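Asks: Chains as they are written, first to last, in my numbering: chain G, 1 to 283; chain X, 1001 to 1262.
Think of the hints as simulated: they come from the structure by calculation, not from any bench. All of these numbers come straight from a predicted model, not from anything done at the bench. Heads up, some of the hints might be wrong.
DEER-style ranges, computed between Cβ atoms [said to hold, decoys possible]:
hint, chain 1, residue 1, chain 2, residue 2, range
1, X, 1148, G, 208, 18 to 24 angstroms
2, X, 1118, G, 213, 39 to 45 angstroms
3, X, 1040, G, 149, 56 to 62 angstroms
4, X, 1148, G, 104, 31 to 37 angstroms
5, G, 36, X, 1150, 44 to 50 angstroms
6, G, 153, X, 1118, 35 to 41 angstroms
7, G, 182, X, 1008, 52 to 58 angstroms
8, G, 35, X, 1148, 55 to 61 angstroms
9, G, 15, X, 1008, 29 to 35 angstroms
10, G, 185, X, 1180, 21 to 27 angstroms
11, G, 269, X, 1118, 48 to 54 angstroms
We put the CB at the ideal spot given by N, CA and C, even for glycine.
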Amino acid sequence: MAEYFTSRGLPVPAELSRNPLVHWRRWLVILGTIAILYIGVRLADIDTSRANPEYFAGVLRQLFQPDWGVLWPQNEFETFWDGALGLMIVTIFLGIVATAIAVVIALPLSFLGARNIMAGNPLTNAIYVAIRLLFTILRSIDVLILVILALTLFGLGSASGILAIAIHTIGVIGKLYSEAIEGIDPGPAEAITATGANKLQVIWAAIVPQIVNPFISFTIYRLDTSVRLAPVIGLVGGGGIGQILFQNIQLLNYHASGTIIFLIIVTVAVMDFVSAQVRKKLV
Amino acid sequence: MAALVSVKDLVKIYATGTRALDGITLDFHRGEFIVLIGLSGSGKSTLLRCINRLVDPTSGTVIFDGTDITAAKGAELRRIRRRIGMIFQQFNLVKRSSVFTNVLAGRLGYRSTWRTFVGQPSRDDVALAFENLGRVGIIEKAFVRADALSGGQQQRVGIARALMQKPELMLADEPVASLDPATSHSVMKYLEEINKKDGITVICSLHFLSLARRYGTRVIALNGGRVAFDGLPADIDERRFKEIYGEDAVEVEIGLGRAETA
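Make a model of the complete structure from these sequences and hints.
Replies: Quick look at the structure:
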C-alpha cells in the first residue's frame, strides 16, 4: 500500500510504515495468554488418574434405559403431584410465580433506574445510580447461592426456590427494562411535555406505549429462563422436580434419573420453542 | 398593544459550552405569523424551546402574556405551556399509538393525573379531537397507527394535537424540513389557516426563504445566536440574504407545487 504514496512522491502515513509483525502489543497479548493458561493448568492440578470409564459407561447405559414408572406416584401414599410428571408441572409454576413476583417489583424500579427519566437533578440521579447498582448486585449473585441463603429463612421447599429465582430475576429483568426505557425515542416525550402535561402523564402517554412490547418480550424470555432454572434449584433443596432427581442420583437409581432428565429436557425445549415463537410475533 | 411574547436579553449556553443564544431581545405580537430563518445552529430551535421552557435559558427573561415564563415552576409552568402549542420537524408522535390517541394526548395538560390513568376521556375532549382531525383533513385515519401515515399526514396529526390545547401561540420547529415541497405547502397552509381564522400567533422556523416570503408576516433571521434581520419578508434582498446566510449562499426556490390531498 505504501507504494501508492512513494510512487507519487507523497509522504507515507505513519500507520503504513509500521511493521505489524514486530509490534510489541501483539506479542504481549499472545505471550500473556499462554502464560495465564500455563499457570492455570499448574494451579488447578487436573488429576485424571482416578478416572473410571467402565463405570461411567455403565451409568450412561442406565441413563438411556428409562424407567417410566418414576413419572407416576410410587406407592398408595403418594398422589399424582409426588410423581415426576406432577413435580415437573409444579416446577413450571414455580418458575412462573417467581417471575411474576420479580416483574411486579422490577417494573416500578426500572423507571427509577432509567437515566433519561432520572437525569436533571442530583437527588434523582443518585436514585438512578443506586437502583442500577442494586440490579447489578442481585444479578451477580448466582441463583444456587441465593437458594442456600433463602433456605435459612424458609427451610427446605419451594418457598426458598421461588424467593431465590425472584431475587435473581429482579436483577436481570430490571436492567433489561431500564435499558428499554433508555432506548426510547425522546421526541414524543418532548411533545407531550410541551402540551403542559406533568411528568407522570408524559411517562404514561409518551413512554409506556413505546416500551410495552419490549417489556412483554423480556418477560417471556425471563419466564423461559426461570422455568429452566427451577429444576436446578431443587438440587439444593428449593423444591420441585430437582429434588427427586437429586434423591434418585444419590440412590444410584440411574434408570429413574435418566427419565427425569429426559422429562426436563423435553419441557425446556418446548418452553424454548414456544417463547421464541411468541417473542417473534411481538417484534 | 402589549406583546404576547416579550423576549429580553435571552442567553443560552449549553453544558457543552455552545453559545446558542447570545442576547436576543424581541417582541412577538398577537396575530403575527413570524418566520425564523437562519443557518443550522443559528439558535432557531433553542429560541423556540426557551419560549415554552423545553430548554431553560441561562439568563434573560421570556414574558408570555404578562407572566414571566423563565421564573415559572411546576403547575404554573404547565398552565402556561398549555396555552402554547408546538409542532416538530420529526412530528414526535407516539408511533405505536393510534392517530386518535395521539391527538387526545394534546389535552393532557387539562386532565388530572389520576384521570389520565383511569377512566375515559371526556365527551367534550373526544368531540374536540374529531373536530381537529376533521380540520386537518384526516378524520378517516383516526384509528390507524400513527406510523402508518405519510410524513405530511403525521405533521397534520401534530397540528391537530397542538390544537387540542386551544393555544394562543403555536411554535413550529422546522415543521416542513422532513417533507417534500408539495407536502410542505399543504402543512404550511394549515398553519396559515389557524393563524388567520383562529387568530393563533405562529412562530415558525424554516429553511427555505421562499416559504418564509410566502407565509410570513414578519421574518426574523438569526445568525450566531443574534438577531441579524427583523422586518418584512419583502425587505430581504440579495445583500441581506448574504448577511444572513454567508457570502457563498445561493437562494433555492421551493415551488408552489400541487398541494398534497391524500
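Asks: That 44 to 50 angstroms hint for residue 36 (chain G) and residue 1150 (chain X) (C-beta), does it hold up?
Replies: violated (59 angstroms)
Asks: Given the hint of 18 to 24 angstroms, check if residue 1148 (chain X) and residue 208 (chain G) actually sit that far apart at their C-beta atoms.
Replies: Since the Cβ atoms of residue 1148 (chain X) and residue 208 (chain G) sit about 20 angstroms apart, the hinted range of 18 to 24 angstroms holds.
Asks: Taking the CB of residue 185 (chain G) and the CB of residue 1180 (chain X), does the distance hold inside 21 to 27 angstroms?
Replies: holds (23 angstroms)
Asks: How does the Cβ-Cβ distance of residue 35 (chain G) and residue 1148 (chain X) compare with 55 to 61 angstroms: does it lie in that range?
Replies: Holds: the Cβ-Cβ distance is about 59 angstroms, inside 55 to 61 angstroms.
Asks: Is it true that residue 153 (chain G) and residue 1118 (chain X) lie within 35 to 41 angstroms of each other by Cβ?
Replies: holds (37 angstroms)
Asks: Taking the beta carbons of residue 269 (chain G) and residue 1118 (chain X), is their distance inside 48 to 54 angstroms?
Replies: violated (42 angstroms)
Asks: Given the hint of 31 to 37 angstroms, is the C-beta distance from residue 1148 (chain X) to residue 104 (chain G) inside that range or not?
Replies: Once the Cβ atoms are compared, 34 angstroms apart, the range 31 to 37 angstroms for residue 104 (chain G) and residue 1148 (chain X) holds.
Asks: Is 56 to 62 angstroms a correct range for the gap between the Cβ atoms of residue 1040 (chain X) and residue 149 (chain G)?
Replies: holds (57 angstroms)
Asks: Range first: 39 to 45 angstroms. Now tell me if the beta carbons of residue 1118 (chain X) and residue 213 (chain G) are that far apart.
Replies: violated (23 angstroms)
Asks: Is it true that the C-beta distance of residue 15 (chain G) to residue 1008 (chain X) lies inside 29 to 35 angstroms, as the hint says?
Replies: Because 54 angstroms falls outside the window, the suggested range is violated.
Asks: Quick check on a hinted range of 52 to 58 angstroms for residue 182 (chain G) and residue 1008 (chain X), using CB atoms only.
Replies: Violated, at about 37 angstroms.
Checked against the numbered hints given earlier, this structure breaks hints 2, 5, 7, 9 and 11; the rest are met.
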